[in-house]
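Peer 1: Everything in the sequence shown is counted per the numbering used here, starting at 1 for the first residue and increasing by one.
There's no promise every hint is true.
Taking lysine-lysine and the PhoX-like style, the derived pairs with C-alpha atoms no more than 20 Å apart in a straight line are [to be verified]:
#, residue 1, residue 2
1, Lys40, Lys77
2, Lys67, Lys109
3, Lys36, Lys149
4, Lys165, Lys182
5, Lys78, Lys46
6, Lys46, Lys129
7, Lys139, Lys77
8, Lys46, Lys149
9, Lys90, Lys71
10, Lys77, Lys65
11, Lys25, Lys139
12, Lys25, Lys36
13, Lys40, Lys129
14, Lys36, Lys100
15, Lys25, Lys109
16, Lys25, Lys149
17, Lys118, Lys100
18, Lys165, Lys40
Now the in silico label distances, taken between C-beta atoms and shown as ranges [unchecked claim]:
#, residue 1, residue 2, range
19, Lys149, Val51, 42 to 48 Å
20, Pro189, Ser121, 45 to 51 Å
21, Lys78, Ser198, 22 to 28 Å
22, Lys25, Phe114, 17 to 23 Å
23, Glu56, Gly191, 37 to 43 Å
24, Lys78, Asn102, 30 to 36 Å
25, Val51, Gln101, 30 to 36 Å
26, Phe192, Lys78, 57 to 63 Å
27, Ser119, Gly191, 31 to 37 Å
28, Lys25, Asp193, 30 to 36 Å
29, Lys25, Ala158, 37 to 43 Å
30, Glu183, Ala110, 43 to 49 Å
Keep in mind the hints are simulated off the structure, nothing from the lab. Built from N, CA and C at the ideal position, the CB exists for glycine as well.
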Amino acid sequence: MKFFNTTLIAAAALGMVSAAHAELKVATVDVQQVFKDYYKTHEAQKEVNNVRKEIEAENATRMEKVKAIEKELQDIKKRGEDPSLSDKAKQSLGEQFQLKQNEGIALEKARREFVERKSRSLNETVQLKMSAIIEEINKVATDKATSGKFDLVLDKSAVSAAQTKVFLYTNPSMDITAEVKKELNASAPAGFDPEKDSVDIQVPAAAAPAPAPAK
């Protein structure tokens with residue numbers, strides 16, 4: 001009899017939980033898709049591309065200088081192989097070679113440090129821009145949830161640590177992605193079309209929590 005009573009209590013508890021869940025009003029947002037189609041993401045991509053081109057151009061200029069020194073070193077080495085040179089002349093060429101080699105090493109080091117410094121700075125800038133965009137997306141999604149009296153908003157693009165989908169299926173009727181995109185792109189430049197240009201910057205993993213439940 002005791003077992004029977006416990007079973008009834010458990011069943012009743014499960015029934016209450018199920019009933020509560022049935023009353024939840026849930027919405028879903030594809031944060032990845034919104035991020036990709038948001039005009040500010042495309043603006044950020046253009047800025048990133050411009051900075052990348054500047055870094056590449058400067059790197060190419062520095063690389064040409066390094067290559068020029070490498071050529072000078074080859075010329076000095078070739079001249080030093082002349083058997084008719086005196087010991088004094090060979091010594092002079094050896095000193096020139098050493099000085100030029102040191103100059104090349106310094107230039108190559110400076111070039112590498114430049115690329116690493118600029119790339120690191122660019123990555124930090126991208127992270128800040130992307131985090132700010134995600135915050136905007138989350139705010140609009142949360143506002144939509146509040147106005148629509150949703151109890152919970154899920155990011156349908158969320159993936160697990162194993163890179164598998166967290167939500168294998170969500171009912172299309174729950175999706176408010178289009179509404180969120182429409183509001184975010186309300187102030188987009190005339191003629192903006194997310195399909196015209198691609199974006200390779202990604203949603204920062206640590207900056208893309210699911211929108212907060214409505215209160």
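Peer 1: Could you run down the list of hints and mark each one as holding or not?
Peer 2: Hint-by-hint comparison with the structure:
A C-alpha spacing of about 55 Å is found between lysine 40 and lysine 77, which places the hinted pair above 20 Å, so the restraint is violated. With a C-alpha separation of about 13 Å, the suggested pairing of lysine 67 with lysine 109 holds against the 20 Å cut-off. As the CA atoms of lysine 36 and lysine 149 are separated by approximately 27 Å, the hinted pair breaks the 20 Å bound. The hinted pair formed by lysine 165 and lysine 182 fails the criterion: a straight-line CA distance of about 25 Å is larger than 20 Å.
Between lysine 78 and lysine 46, the direct Cα distance comes to roughly 48 Å. Violation of the 20 Å bound is thereby established for this hinted pair. As the CA atoms of lysine 46 and lysine 129 are separated by approximately 12 Å, the hinted pair is consistent with the 20 Å bound. At most 20 Å may separate the alpha-carbon atoms for a hinted pair to count; lysine 139 and lysine 77 exceed this at roughly 66 Å. Of the pairs offered as hints, the one joining lysine 46 and lysine 149 is violated, with about 37 Å between alpha carbons and a cut-off of 20 Å exceeded.
For the proposed pair lysine 90 and lysine 71, the alpha carbon gap of about 19 Å is at most 20 Å, so the pair holds. Between lysine 77 and lysine 65 the CA atoms are separated by roughly 18 Å; this keeps the pair inside 20 Å, and the hint holds. Between lysine 25 and lysine 139 the alpha-carbon distance is near 18 Å, which keeps this suggested pair within the 20 Å criterion. Between lysine 25 and lysine 36 the CA atoms are separated by roughly 27 Å; this puts the pair beyond 20 Å, and the hint is violated.
For the proposed pair lysine 40 and lysine 129, the alpha carbon gap of about 9 Å is at most 20 Å, so the pair holds. About 50 Å separates the Cα atoms of lysine 36 and lysine 100, which puts this hinted pair outside 20 Å; it is violated. Only pairs whose Cα atoms come within 20 Å are accepted, and lysine 25 paired with lysine 109 is rejected, the gap being roughly 59 Å. A hinted pair counts as satisfied when its Cα atoms are at most 20 Å apart, and lysine 25 with lysine 149 qualifies at roughly 8 Å.
The hinted pair formed by lysine 118 and lysine 100 fails the criterion: a straight-line CA distance of about 27 Å is larger than 20 Å. For the hint linking lysine 165 to lysine 40, the alpha-carbon distance of about 26 Å lies beyond 20 Å, and the restraint is violated. Taking the beta carbon of each, lysine 149 and valine 51 are about 43 Å apart, inside 42 to 48 Å as hinted. In this structure the supplied range 45 to 51 Å is violated for proline 189 paired with serine 121, their Cβ-Cβ distance being about 27 Å.
The hint said 22 to 28 Å for the Cβ distance between lysine 78 and serine 198, and at roughly 49 Å that hint is violated. Against the hinted window of 17 to 23 Å, the Cβ-Cβ separation of lysine 25 and phenylalanine 114 comes to about 54 Å, which falls outside the hint. For the pair glutamate 56 and glycine 191, the beta carbons lie near 29 Å from each other, so the given range of 37 to 43 Å is not met. Between lysine 78 and asparagine 102, the C-beta spacing of about 19 Å breaks the proposed range 30 to 36 Å.
One distance hint, 30 to 36 Å for the beta-carbon pair valine 51 and glutamine 101, holds here, with the actual separation near 33 Å. Between phenylalanine 192 and lysine 78 the C-beta distance comes to about 59 Å, which sits within the given range of 57 to 63 Å. A hinted range of 31 to 37 Å holds for the C-beta pair serine 119 and glycine 191, which are about 32 Å apart. Taken as a hint, the range 30 to 36 Å holds for the pair lysine 25 and aspartate 193, whose Cβ atoms sit roughly 33 Å apart.
For the pair lysine 25 and alanine 158, the beta carbons lie near 19 Å from each other, so the given range of 37 to 43 Å is not met. Restraint check, glutamate 183 to alanine 110: a C-beta distance of roughly 48 Å satisfies the suggested window 43 to 49 Å.
Of the hints listed earlier, those the structure fails to meet are numbers 1, 3, 4, 5, 7, 8, 12, 14, 15, 17, 18, 20, 21, 22, 23, 24, 29, in rising order.
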